[in-house]
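There are 2 protein chains.
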Amino acid sequence: MFIAMNRFKIVPGKEDAFEKVLKNRDSHLKGVPGFIEFNLIKGEESKEFSLYASHSKWESKDAFIAWTKSEAFRLAHKNAGQNQDLYLGPPNFEGFEKVI
Amino acid sequence: MFIAMNRFKIVPGKEDAFEKVLKNRDSHLKGVPGFIEFNLIKGEESKEFSLYASHSKWESKDAFIAWTKSEAFRLAHKNAGQNQDLYLGPPNFEGFEKVI
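First to last, the sequence lines map onto chains L and X.
Numbering-wise (my numbering), the first sequence opens with residue 78 and increments by one.
Numbering-wise (my numbering), the second sequence opens with residue 78 and increments by one.
The hints are simulated quantities; they were obtained by calculation from the structure and are not laboratory data.
Hints are supplied without guarantee of correctness; some may be wrong.
[Unchecked claim] The list that follows gives simulated cross-link-like pairs (lysine-lysine, BS3-like), each with its CA atoms no further than 27 Å apart:
{"no.": "1", "chain 1": "L", "residue 1": "K134", "chain 2": "X", "residue 2": "K134"}
{"no.": "2", "chain 1": "X", "residue 1": "K97", "chain 2": "L", "residue 2": "K175"}
{"no.": "3", "chain 1": "X", "residue 1": "K175", "chain 2": "X", "residue 2": "K138"}
{"no.": "4", "chain 1": "L", "residue 1": "K138", "chain 2": "X", "residue 2": "K100"}
[Claimed, not checked] Listed next, the stretches of chain L that the computed footprint assigns to chain X, with coverage defined by at least 3 CB atoms under 8 Å from CB atoms of chain X:
{"no.": "5", "segment": "91 to 101"}
{"no.": "6", "segment": "116 to 124"}
{"no.": "7", "segment": "129 to 142"}
{"no.": "8", "segment": "165 to 177"}
Heads up, the beta-carbon is just placed ideally off N, CA and C, and yes, glycines get one too.
The following block holds chain L by itself, in its conformation from the complex:
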């Protein structure tokens, strides 16, 4: 099992707008081979930013990598450059493999 997390630092006050963007986008994940589950999760809030992470679960790292090279991935991210006023910098990716 593989967990892919992309961390977003959101400008304080822009949380609702960011959540709306994610809720309204089409993730194109349904039916992608090896895809298990997607969640948007929210972490700490500070004066500087509110932390969010896209958190997806995959059957394997290979399945995740294959998706990043697919048309479904391209479609899901085609508007990723929009709404730059919501973000403090680019997202920060981390991938994790299940040990136990």
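Place chain X on chain L using the hints.
Coordinates of chain X only, in the frame set by chain L:
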């Protein structure tokens, strides 16, 4: 849904020893109210450290907080001060609530 992650920086070369500690401990999580799932996951490896995270899923933040105040939690962490040679500093906790 609530995700609790505790990040551990492990000294290079000590990965197997760390995994063994986690595999052999009794987490005392079975039957804890609101507990859904536990995984140990492994992230990036660098010259400085190997990143691991304990990753647990809970029905709610309240269920997680209640567990941290329970006897089951105390039992699961009673040996947490051991094996200090495996770690680069203390673990770093992050909690996340499901948005989508």
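A quick look at each hint next to the structure:
| no. | hint | verdict |
| --- | --- | --- |
| 1 | L:K134 to X:K134 | 13 Å, holds |
| 2 | X:K97 to L:K175 | 14 Å, holds |
| 3 | X:K175 to X:K138 | 10 Å, holds |
| 4 | L:K138 to X:K100 | 22 Å, holds |
| 5 | 91 to 101 | holds (count 3) |
| 6 | 116 to 124 | holds (count 6) |
| 7 | 129 to 142 | holds (count 3) |
| 8 | 165 to 177 | holds (count 7) |
Checked against the numbered hints above, the structure breaks none of them.
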